[in-house]
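**Q** Protein chains in written order, with my numbering: chain A, 356 to 441; chain B, 497 to 879.
A hint or two may mislead.
Heads up, incomplete: computed chain A residues facing chain B, CB under 10 Å, no partners named [what the hints assert, rightly or not]: (1) H368; (2) D369; (3) M372; (4) R373; (5) Y375; (6) I387; (7) A388; (8) P389; (9) S395; (10) C397; (11) G399; (12) E422.
Since the hints were made in silico from the structure, they are not lab data. Yeah, the Cβ is synthetic: ideal placement off N, Cα and C, and Gly gets one too.
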Amino acid sequence: MQIIQHYVLFPNHDNGMRLYKELKALGVRATIAPTPRVASKCCGISLMVEAEDIDTINQCSKEHGIEILKIASVERDVNPHRDKYC
Amino acid sequence: MENRIYFDNGSTSWPKAPGVAEAMSELLMGGAFNINRGNYEGAYAVEGLVLDTREQLGRLFHMPDSKHVIFTPGITYSLNYFIKGLLKPGDHVIVTGIEHNAVMRPLNQMAQEGITYDAAPTDAEGNVNPEGLEALIRPHTKAVIVSHASNVCGTITPIQEIGDICKRRHLFFAVDTAQSAGTLDINMEAWGIDFLAFTGHKGLLGPQGIGGFLISEVLKEQLNPYISGGTGSQSDSFEMPENLPDKYESGTMNLPGIIGLHAALSHIEKLGLPHIHAKKLDLTRHFLEGIKELPNVRIAGRQDLQNRLAVVSLDFLTLDNAIAAFELEQRYGIMTRVGLHCSPLAHKSLGTFPQGTVRFSFSASNTAEEIDLCISGLKDLLR
Chain A
356 MQIIQHYVLF PNHDNGMRLY KELKALGVRA TIAPTPRVAS KCCGISLMVE AEDIDTINQC
416 SKEHGIEILK IASVERDVNP HRDKYC
Chain B
497 MENRIYFDNG STSWPKAPGV AEAMSELLMG GAFNINRGNY EGAYAVEGLV LDTREQLGRL
557 FHMPDSKHVI FTPGITYSLN YFIKGLLKPG DHVIVTGIEH NAVMRPLNQM AQEGITYDAA
617 PTDAEGNVNP EGLEALIRPH TKAVIVSHAS NVCGTITPIQ EIGDICKRRH LFFAVDTAQS
677 AGTLDINMEA WGIDFLAFTG HKGLLGPQGI GGFLISEVLK EQLNPYISGG TGSQSDSFEM
737 PENLPDKYES GTMNLPGIIG LHAALSHIEK LGLPHIHAKK LDLTRHFLEG IKELPNVRIA
797 GRQDLQNRLA VVSLDFLTLD NAIAAFELEQ RYGIMTRVGL HCSPLAHKSL GTFPQGTVRF
857 SFSASNTAEE IDLCISGLKD LLR
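Working from the sequences, and respecting the hints, build out all of it.
**A** In structure tokens form, the structure reads like this:
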């Protein structure tokens, strides 16, 4: 079954930590994680969030002046054969 | 330090705030993980504490957006960031007559690249004249850099008035808070400060090796990052990120220092600045009253409690100042700082150049009994 995971991407760690703190205060579940390489090449952290919380997250970031690059939807792909060619 | 009296808080405060050493030790023993790099819970926890520390500093200096709080290894680094990241050949700068070499030396380096500067008129008590400062403004003046309080005599500079001048004349306003942070309430927004340089190890009661600056939105657009390198963000680019705080925070930061500062700021928030300032001024009053009748000693700077911090400089007229400091330490265990205090310009303004002074700088941890012992030592020394 295909599982889609949503990641909030930031220009830097500081913005990520800020949003994490605000969401925690609101009781919105978020997990800090490395940014999936497929979603961005720029490193840094992202927040793994639930689809139903995305509107709240967008509103919260606007209210607190937190910069978000985008919210990426990435297939949760744990493939043991990834990058194995022989 | 049994039977020792520490009166050198202008150099660095001691003792540090309760909890500073424990917090630093806990980090180093329990997991000093690197923030903005490590992708695991321990690193995120440290990152959370760093964010909390930025917010504490934002509250302390009235900067609502704490991403404008930048960490550096100290206030000298911060001032170098300002001077070398902003000024271009042809620019003119105004300083005051009480500036520390943390300002004067980088400015003199920049003078070789075509920067010029003038020092605002400053009297023999260390009082800076704002009108005199304004009269020095030229068409190519770019910034005003002032020390909030003299590290030699404790006289406070009228930064609110100077801030108004800078706002009116469209100049960048930089303030060196080395002696005043953690004692005076400093309102960056209301006073129009574009660049507020601070150190963590003096009045803020944190460890050495941590400091920083707070920067206005307007200045951020013009201040180049003096140091560049990895930030853990936008790593696909060779360019420095424009986002704060990354723009000015390259390389691994002094995390034990920041965590120690976090503990120190929590202590200061608990005590409150008015309490700290009042306690220090009480000690200063006691000291000034005690030394009033001493023969052959001159107080450099103000002799009253108005407009000052708990820093008192004495010039011994019949004794070499270095010998006086040595004897105070050897005979009575009183630790002071003698010489020019890295502020030759201030000593010239105060009329104590080149002999310098013996500086007594108090913290809220000092006691009236220690002041009494010092006064009795001074009386004995000058008998």
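**Q** Against this structure, judge whether each hint is valid.
**A** These are the hints, each one checked on the structure:
| no. | hint | verdict |
| --- | --- | --- |
| 1 | H368 | holds, 5 Å |
| 2 | D369 | holds, 5 Å |
| 3 | M372 | holds, 5 Å |
| 4 | R373 | holds, 7 Å |
| 5 | Y375 | holds, 8 Å |
| 6 | I387 | holds, 5 Å |
| 7 | A388 | holds, 7 Å |
| 8 | P389 | holds, 4 Å |
| 9 | S395 | holds, 9 Å |
| 10 | C397 | holds, 5 Å |
| 11 | G399 | holds, 5 Å |
| 12 | E422 | holds, 7 Å |
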